[in-house]
Amino acid sequence: MIKHLPALLIVIPLLVAIITPIIGRLHWVLSWYAVTITTFISFVISLLLLQTVSVQGRISYWMSGWEPPFGIEYSVDYLNAYVLIIVSFMAFAGAIYSRKNIDVEIEDETRKPLFYTIYLLFVTGLLGMVVTGDIFNIYVLLEIASLAGYALIALGKKRQALVAAYNYLVMGTVGATFFLLGVGYLYLMTGTLNIADLAVRLPEFYETKAIFTAFAFIVVGLSIKLAIFPLHFWLPNSYGYAPSVVSAVMAATGAKVAAYVLIRVMYSVFTPAFFTHTPFNIQYIFLLLAVAAILVGSIMALAQTDIKKMLAYSSVGQIGYIVLGIALMNVTGMMGSLIHLLNHALMKGALFFAVGAVVYRTGLCSIENLRGLGKKMPWTMAAFTIAALSMTGIPLTVGFISKWYLAVASIESGMWWLVPIILLSSILTAVYFWRILDNVWLKPAPGEESHEHGHDSHQKPVKSNDAPLSMVIPTFTVAVLCLVFGLFAYAPVSIAEKAALILLK
Amino acid sequence: MDKEVMNLEIIESARPVYAVLVSLLAVVLIGSSGKYPNLRELWTMLAALLKFGLVVSMLPTILAGKAIEYHVITVLPGLDIAFRVDSLGMVLALTASFLWIITSIYAIGYMRSMDEHAQTRFFMCFAIALSAAMGAAFSANVFTLFVFYEMITVSTFALVAHEETPEAISGARRYLAYLLGTSIFFFLPAMFLTYNYAGTLDFASQGILAGKASYTIISIIFVLYIAGIAKAGMMPFHSWLPAAMVAPTPVSALLHAVAVVKVGVFTIIRILLFVFGVDLLTEIGLGIYLAYFASFTILAASIMALKQDNLKLRLAYSTVSQLSYIVLAVALLTPSGITSSIMHITIHAFGKITLFFVAGAIYVRTHKKKVSELNGIGRQMPFTMAAFTVGAFSMIAVPPFGGFISKWYLVMGTFEAHLLPILVVIVASTLLNAAYFLPIIYAAFFKQPESGEVHGIEEAPALMVVPILITATGVLILFFASPLLLNLVKIAVASALGGGY
Numbered sequence: 001m002i003k004h005l006p007a008l009l010i011v012i013p014l015l016v017a018i019i020t021p022i023i024g025r026l027h028w029v030l031s032w033y034a035v036t037i038t039t040f041i042s043f044v045i046s047l048l049l050l051q052t053v054s055v056q057g058r059i060s061y062w063m064s065g066w067e068p069p070f071g072i073e074y075s076v077d078y079l080n081a082y083v084l085i086i087v088s089f090m091a092f093a094g095a096i097y098s099r100k101n102i103d104v105e106i107e108d109e110t111r112k113p114l115f116y117t118i119y120l121l122f123v124t125g126l127l128g129m130v131v132t133g134d135i136f137n138i139y140v141l142l143e144i145a146s147l148a149g150y151a152l153i154a155l156g157k158k159r160q161a162l163v164a165a166y167n168y169l170v171m172g173t174v175g176a177t178f179f180l181l182g183v184g185y186l187y188l189m190t191g192t193l194n195i196a197d198l199a200v201r202l203p204e205f206y207e208t209k210a211i212f213t214a215f216a217f218i219v220v221g222l223s224i225k226l227a228i229f230p231l232h233f234w235l236p237n238s239y240g241y242a243p244s245v246v247s248a249v250m251a252a253t254g255a256k257v258a259a260y261v262l263i264r265v266m267y268s269v270f271t272p273a274f275f276t277h278t279p280f281n282i283q284y285i286f287l288l289l290a291v292a293a294i295l296v297g298s299i300m301a302l303a304q305t306d307i308k309k310m311l312a313y314s315s316v317g318q319i320g321y322i323v324l325g326i327a328l329m330n331v332t333g334m335m336g337s338l339i340h341l342l343n344h345a346l347m348k349g350a351l352f353f354a355v356g357a358v359v360y361r362t363g364l365c366s367i368e369n370l371r372g373l374g375k376k377m378p379w380t381m382a383a384f385t386i387a388a389l390s391m392t393g394i395p396l397t398v399g400f401i402s403k404w405y406l407a408v409a410s411i412e413s414g415m416w417w418l419v420p421i422i423l424l425s426s427i428l429t430a431v432y433f434w435r436i437l438d439n440v441w442l443k444p445a446p447g448e449e450s451h452e453h454g455h456d457s458h459q460k461p462v463k464s465n466d467a468p469l470s471m472v473i474p475t476f477t478v479a480v481l482c483l484v485f486g487l488f489a490y491a492p493v494s495i496a497e498k499a500a501l502i503l504l505k
Numbered sequence: 001m002d003k004e005v006m007n008l009e010i011i012e013s014a015r016p017v018y019a020v021l022v023s024l025l026a027v028v029l030i031g032s033s034g035k036y037p038n039l040r041e042l043w044t045m046l047a048a049l050l051k052f053g054l055v056v057s058m059l060p061t062i063l064a065g066k067a068i069e070y071h072v073i074t075v076l077p078g079l080d081i082a083f084r085v086d087s088l089g090m091v092l093a094l095t096a097s098f099l100w101i102i103t104s105i106y107a108i109g110y111m112r113s114m115d116e117h118a119q120t121r122f123f124m125c126f127a128i129a130l131s132a133a134m135g136a137a138f139s140a141n142v143f144t145l146f147v148f149y150e151m152i153t154v155s156t157f158a159l160v161a162h163e164e165t166p167e168a169i170s171g172a173r174r175y176l177a178y179l180l181g182t183s184i185f186f187f188l189p190a191m192f193l194t195y196n197y198a199g200t201l202d203f204a205s206q207g208i209l210a211g212k213a214s215y216t217i218i219s220i221i222f223v224l225y226i227a228g229i230a231k232a233g234m235m236p237f238h239s240w241l242p243a244a245m246v247a248p249t250p251v252s253a254l255l256h257a258v259a260v261v262k263v264g265v266f267t268i269i270r271i272l273l274f275v276f277g278v279d280l281l282t283e284i285g286l287g288i289y290l291a292y293f294a295s296f297t298i299l300a301a302s303i304m305a306l307k308q309d310n311l312k313l314r315l316a317y318s319t320v321s322q323l324s325y326i327v328l329a330v331a332l333l334t335p336s337g338i339t340s341s342i343m344h345i346t347i348h349a350f351g352k353i354t355l356f357f358v359a360g361a362i363y364v365r366t367h368k369k370k371v372s373e374l375n376g377i378g379r380q381m382p383f384t385m386a387a388f389t390v391g392a393f394s395m396i397a398v399p400p401f402g403g404f405i406s407k408w409y410l411v412m413g414t415f416e417a418h419l420l421p422i423l424v425v426i427v428a429s430t431l432l433n434a435a436y437f438l439p440i441i442y443a444a445f446f447k448q449p450e451s452g453e454v455h456g457i458e459e460a461p462a463l464m465v466v467p468i469l470i471t472a473t474g475v476l477i478l479f480f481a482s483p484l485l486l487n488l489v490k491i492a493v494a495s496a497l498g499g500g501y
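Which chain is which? The protein sequence lines are A and B, in order. Letter by letter, the first sequence follows residues 1 to 505 of this note's numbering. Letter by letter, the second sequence follows residues 1 to 501 of this note's numbering.
It is possible that some hints are incorrect.
Claimed, not checked - What follows is a list of derived Cβ distance ranges for each label pair:
#: 1; chain 1: B; residue 1: Pro166; chain 2: A; residue 2: Ile22; range: 55 to 65 Å
#: 2; chain 1: A; residue 1: Ile502; chain 2: B; residue 2: Gly199; range: 23 to 33 Å
#: 3; chain 1: B; residue 1: Glu283; chain 2: A; residue 2: Leu48; range: 51 to 61 Å
#: 4; chain 1: B; residue 1: Pro166; chain 2: A; residue 2: Leu288; range: 41 to 51 Å
#: 5; chain 1: A; residue 1: Val44; chain 2: B; residue 2: Tyr18; range: 39 to 49 Å
#: 6; chain 1: A; residue 1: Trp416; chain 2: B; residue 2: His418; range: 33 to 43 Å
#: 7; chain 1: B; residue 1: Thr165; chain 2: A; residue 2: Glu412; range: 47 to 57 Å
#: 8; chain 1: B; residue 1: Tyr289; chain 2: A; residue 2: Leu364; range: 46 to 56 Å
#: 9; chain 1: B; residue 1: Ala14; chain 2: A; residue 2: Ile19; range: 55 to 65 Å
#: 10; chain 1: B; residue 1: Gly199; chain 2: A; residue 2: Val200; range: 32 to 42 Å
#: 11; chain 1: B; residue 1: Gly199; chain 2: A; residue 2: Leu48; range: 31 to 41 Å
Rather than coming from a laboratory, the hints here were simulated on the basis of the structure. Just so it is clear, CB atoms sit at the ideal spot from N, CA and C, and this is done for glycine as well.
Between the sequences and the hints, there should be enough to build the whole structure, so can you do that?
So this is what it looks like as structure tokens:
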């Protein structure tokens, strides 16, 4: 059983995805149970995989017993296991959360089983991309995840959701095609698709134009999926108009997996040695893009009035952090990136969950509309506040840990100029979250402005009307994790460190 | 200093943690008993007394030349939350925790007389701020200090915004922007650089940076720290302090004359002495620049204080100026200078809190805020204004009031450092202090009230007057019984100037 875990991770959700619409015909709640249980099983499998990796090292699973490089290999080391845990956990939290959320955001009863089917396919695709050790297989699963992703976004209630999904579809398809082209070139030159095998065979072709072309296609393709500035245009509308649970899970997992694949390609398929053979300085290009993403994302976030779009632009900036760490090409920087994969998943997950809860209660998600919500939805808003503080990088939250590593790595590699940029973006982040916290805690609710502030005894206590427990519990749990991993950062950091050491050996 | 003092003996004890946690526990209790004001205030008082008791219980150990340590948690390798109680931290902790008791009594009187809203939130945030101040005093490394430094900012924000009027909210915004902005933009990178070069963030008696980086880099780190610690109120990052005066008076009194700003100057002293070290700073000559920089703030803020008609604003500018005395004194890097610096933390605290208490008492009784309205108030509120006189004389540094002691050491320090221009600054600022305090006292006692009507004696409620008299007495005690404080300060100076920590 343990031996087959990597395959089960994919096979179980894939099979359940087939039966989900069927049982959903009886009652849609059955499909909710199916998805929740399945994602939970995936989470447990991911934990078991990490445990196995820590005992026996890298796991290599041969699909149908075909020996790599001829068959498809599923390979799991610290990095894979780490990303798998992030993805499956957030998918599980999202599944619990979705039950009430889609009540208001996808009202149509008949669509609900479909939502769960697509949701499960999306998660399967992401998990598959992480677990597989075959680059063509990554493409296949990438397409599964992407197609499911377009459909999930299109489920949003507003009409703009369709346009957003269509834009994403066009961009995403271009990205996936680029990726496929790059893989084609690699196969042409080396005759293999297995990542470990590619790593062995590629160095002799490093000088060739074909390999450089392959690299360029793959990286640009992935950059679209990852929404690296300036290829991020599909992202704000997609996250902005998708149902909240979809925004949360996509922000927390989709971008993370794309980042994972980028890391794999840059450091496992290719190596830092390759970058010295390229006609221009790859590191500087990435650093500049990262810096631009961080600044543009933060500034654009400042300009938004819709809170979901603000969070989406904030994601663009945060992806910049991840790319920054990748581009620094040292162990500390890589640790910063990897730790930020987890941290950003938690922070953004909690933020989108909290917004979804607000939409559930008030039906609106403009920043203005949040006035006085602190008293009405104390738990949700407490979770939001924790995650927002974490985004700004207050010490003892996860955001601080990420920034610590990125800043130390920048200084280590002699790039001092990055530190003010990281700090500037922290301040911008503080400003755009401040506008919200200000509305939430300090301003009176709409319609209560006339209420003169009087005295304790005279004040009518505002009735707390928080979101249902099935939304509040996942939201609050994820937010609390932002504090837990900010205080006991050593656990994820030690895994990230092992993964980074393997990548940059 | 004699050598026995330096026998470093370290005692492992969780008492500093309890001293921090006791008011956090109180926060929960205060929050849950919001409906019963008397019970709620009982928790505040109990926590204040308990906290002071815990701090005092550590005093004999510290006076015996030992240090108390407690390691709480390792967040990351190199980033620890850890406490270390030494004599320098003790001075701040004793001052803040003692004055919290007094301020709590005063605050109860003030808040109830004014019938303020949201009193539960007020007392909760107050307790958090005090926890953070204790944490800062007992921090064993830069990271822990930074965490508590930020915690103070966040918790006092709600207190500054307490009135929830547009004016209060905009003042609070500026407060947050300055304190958070500078700490993120300067303090944090200073910490990154310190860690990068020194490989540790733990305070050590001779500093941790000596020999670890070039003079240029050390100078950069130095400037970043000084710019990042805006709580010390040095120009150009001082304007948050006048902005914070929109807060209710007990907040201005305890936080913006004691806890917040004193944590600021304490942080500067801590960083200067225990991250850079006296020898390193003397070698590079950075102390002199800081001394002149602080001198500028002293004079400029005093002149600004002259122009203020709002009593609390005048006191705020006076605070800005007095805080720079502390920075100036430590920047001299001589034994007397450091002594003056640390003593002034306590001495200024007692003096300034008295002055703020008086401003609050006047406001509660007469709703007057302006200096120009205070004619003849001394006849109406004789005890209050007598206390004001005591506080003001201490600011001017007239014997027999506490302020004289620290200024005496400061003057000695300038001689030791051979910086005679600084002496001119001290004299000039003393004159300026006199110029902005004495007219108030004169008007209060000798001018006729403008309306012409004669009031009888109409003091503020006893809950406010008694604390005023206690702190005013404290100012006198600090002069007559100065060795109490001096013995503690001497240990800190000894550890900073060589020998063990």
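So, going through the hints one by one against the coordinates:
1. B/Pro166 to A/Ile22: 55 to 65 Å: With Cβ atoms ~60 Å apart, the hint holds.
2. A/Ile502 to B/Gly199: 23 to 33 Å: holds, 25 Å
3. B/Glu283 to A/Leu48: 51 to 61 Å: holds, 58 Å
4. B/Pro166 to A/Leu288: 41 to 51 Å: holds, 42 Å
5. A/Val44 to B/Tyr18: 39 to 49 Å: holds, 40 Å
6. A/Trp416 to B/His418: 33 to 43 Å: holds, 37 Å
7. B/Thr165 to A/Glu412: 47 to 57 Å: Cβ of B/Thr165 to Cβ of A/Glu412: about 48 Å, so the range 47 to 57 Å holds.
8. B/Tyr289 to A/Leu364: 46 to 56 Å: At roughly 55 Å between Cβ atoms, A/Leu364 and B/Tyr289 fall inside 46 to 56 Å, so the hint holds.
9. B/Ala14 to A/Ile19: 55 to 65 Å: With a Cβ separation near 56 Å, B/Ala14 and A/Ile19 satisfy 55 to 65 Å, so the hint holds.
10. B/Gly199 to A/Val200: 32 to 42 Å: holds, 38 Å
11. B/Gly199 to A/Leu48: 31 to 41 Å: Given range 31 to 41 Å: holds, Cβ gap about 38 Å.
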